[in-house]
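Peer 1: Spelled out from the first residue to the last, the chains are:
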Amino acid sequence: MIQIKNLHKSYKMGSSSLHVLKGINFNIKEGELVAIMGSSGSGKSTLLNILGMLDVADEGDYILDNVPIKNLNETKAAKYRNKFLGFVFQSFNLINYKSALENVSLPLYYQGVKRKERQESALDYLERVGLKDWATHLPSELSGGQKQRVAIARAMASRPKVLLADEPTGALDTTTSYEVMDLIQKINEEGKTILVVTHEPDIAQMCKRIVKLKDGVIIEDKKVKQVLASSYV
Amino acid sequence: MNSLKVIFDRDTWQEIFGSISKNKTRTIITVIGVLWGIFIYIALSGAAKGLDNGFERQFENIAMNSMFVWAQRTSIPYDGFKIGRNIVLKLSDAEYIKKSIPEVQYVAPRNSRGVFAGAPPLVVRKNKSSNYNVYGDYPEFTKIATKKIYDGGRFINEDDIKYSRKVCVIGERTQTELFEKNENPIGQYIRIDNIYFQVIGVHKFIPGGGFESDGDIFIPFETFRKLYNSGDKVQWFTIAAYDDADAVNVEKDIKTLLKRIHRVSPEDERAFGGFNLGEIFNKIVGFSKGMTLLSLIVGIATIIAGVIGIGNILLISVKERTKELGVRRALGATPSEVRNQIILESVFLTMIAGILGIILGAFVLFGINIATQDLTDFPYTNPTVPIKFIMGALFIMVFLGTLIGLIPAQRAVSIKPIDALREE
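Protein sequences, first through last, are from chains E and P.
Everything in the first sequence is counted per the numbering used here, starting at 1257 for the first residue and increasing by one.
Everything in the second sequence is counted per the numbering used here, starting at 289 for the first residue and increasing by one.
Hints may contain errors.
What the hints assert, rightly or not - Distance condition first, Cα-Cα at most 27 Å in a straight line; then the derived BS3-like pairs of lysine-lysine: (1) E:K1354 to P:K312; (2) E:K1268 to P:K611; (3) E:K1278 to P:K431; (4) E:K1326 to P:K611; (5) E:K1354 to P:K469; (6) P:K435 to P:K469; (7) E:K1442 to E:K1388; (8) E:K1354 to P:K543; (9) P:K607 to E:K1332; (10) P:K431 to P:K378; (11) P:K414 to E:K1335.
It should be emphasised that the hints constitute simulated quantities derived from the structure, not laboratory data.
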């Protein structure tokens, strides 16, 4: 699903430049649930941003679902993001003046789906994250865990190939974190490829594979025995 | 993406409406800015137009290019005559003026009793009587100063002059004071200085300044001449020049001619007096044109200020919404979709504000209209703004709204989604 070869990225900081990614190579197959770990500054967020086409690599190849991702202009990147990727953020990033339902249907709006279909589909996804009854509520009326579940529903709504989660449990307490991870695991069980960036080992253990980054290179890439989040809930 | 399709897409408007209605304070403040601009524009130019109409009404019963000329005393000894000689206009002067000065359209010699010389004659009908000003007139007079005559009546005509008929046109007040209610005065007789006159018409009085009143009685010039033994004397000429003539020059030519006829020094400025309506009218027209221009400038400037305010607020709101726009971009909004949304928000706000301002302005003009309706001595009628000016103002607003919306829109697009999302 994802092939990455010799990925380099550096940021200019005034006169000096900061080499963040120093040649990353890895492949992700369809249906994998991968945790990307590393301390802050290890380059994990940069990697995720490049995977999410929010940022561009200086060097190297990135192939997503057999489509080489390079030389993208903003319009094309937006189309690809909409078609291939679903985002889950640490701070949820729900649009605060839109209801849960409207938030979930937003990516479908940008796909050009008709209004009625959009709402039906969005409601369907809200039901799958167990928040059908909260459809008309604004994000400010939801708890952190509920917000993240709405965000996951939104990420799923556009039927992406890959789900990218940047510290999805970073702003949640342990119990809620496990609930969210349980949801992510379930989505993965349905065959969706998911990347989770985290620095919490227990969250990483709930994935099927852990990629550890340090100073811009992969220092460890191992398959793990998945801990089911539902056993904690 | 096809931009026209975007405009007519219901979802686009849903997005815009959502974003606008969820930021109420911002929307209201923005709207007030433009609303005020268009309101000032409508109210000012409507008011200017009202003044314009008012002046026009004041002059509607008299030819724009008309003047009065009368004779006074000489101030310079000339041709053997002493200083201070009384000049009297003669009936034959009218012919001379008409013949010698091609710009003159009509000359109406006039005499009167009660206005400048003599006491107003006593007018009697049955047991009622009063004093009214009496004018001796030619039919030409109505070509210069229109006299509206009530149905069933007429003004003095050529035959009245020819046969020195004893007929008269009376005023509205004269009618109410001398006749019973429901009594038709036409064909009835009244006594002016003990001579019986038949009433042939009642004129409607239109206030327009000057010395005329609603009690005036008009009789044929020839009849006046016989009644008061005025001979060839004329008190003053009412003269109308052709519309394209320069009234000031015509007046000068007439005076020069009169000086020659009456053997008055060409340098004598006091021998003949004149009151030039054309000159005054031109000044008033210039004044109201200035008012219209001023209101246009002020209005447009205020609209521009309002639209710039919208741009300003949208710019702030784009900054506030950086994260939201970043999320939208991450979810697959293309830069042009984001740009269109911001521009359409700007245009939509401008339009709403503009239409509200027009409605408010119309209400105020409506109020002014009602308040000034009964004022006859104040030149103010029917304050309106032509629809094409309103459309023009709306067009300018939409145009400026788009233009000013481009700035925040471009800014929204220039922020990279990653930076937008990173911003906490």
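Peer 1: It remains to establish, for every hint, whether it holds in the given structure.
Peer 2: Hints versus structure:
1. Restraint check: the Cα-Cα separation between E:K1354 and P:K312 comes to about 14 Å, which is no more than 27 Å; the hinted pair holds.
2. Proximity of E:K1268 to P:K611 is assessed by CA-CA distance (about 23 Å); at most 27 Å being required, the pair is judged to hold.
3. Between E:K1278 and P:K431 the alpha-carbon distance is near 100 Å, which puts this suggested pair outside the 27 Å criterion.
4. With a C-alpha separation of about 25 Å, the suggested pair E:K1326 and P:K611 falls inside the 27 Å cut-off, and the hint holds.
5. With a C-alpha separation of about 75 Å, the suggested pair E:K1354 and P:K469 falls outside the 27 Å cut-off, and the hint is violated.
6. Distance check on the hinted pair: P:K435 and P:K469 sit about 23 Å apart at the alpha-carbon level, within 27 Å; holds.
7. For the proposed pair E:K1442 and E:K1388, the alpha carbon gap of about 18 Å is at most 27 Å, so the pair holds.
8. The suggested pairing of E:K1354 with P:K543 is violated, with an alpha-carbon distance near 83 Å, which exceeds 27 Å.
9. Taking the CA atoms of P:K607 and E:K1332, the gap is about 24 Å. The hint holds against a cut of 27 Å.
10. Of the supplied pair hints, the one linking P:K431 and P:K378 holds, its CA atoms being roughly 21 Å apart against a limit of 27 Å.
11. Using a Cα cut-off of 27 Å, the hinted pair P:K414 and E:K1335 is violated, with the two alpha carbons roughly 100 Å apart.
The earlier numbered hints that this structure contradicts are 3, 5, 8 and 11.
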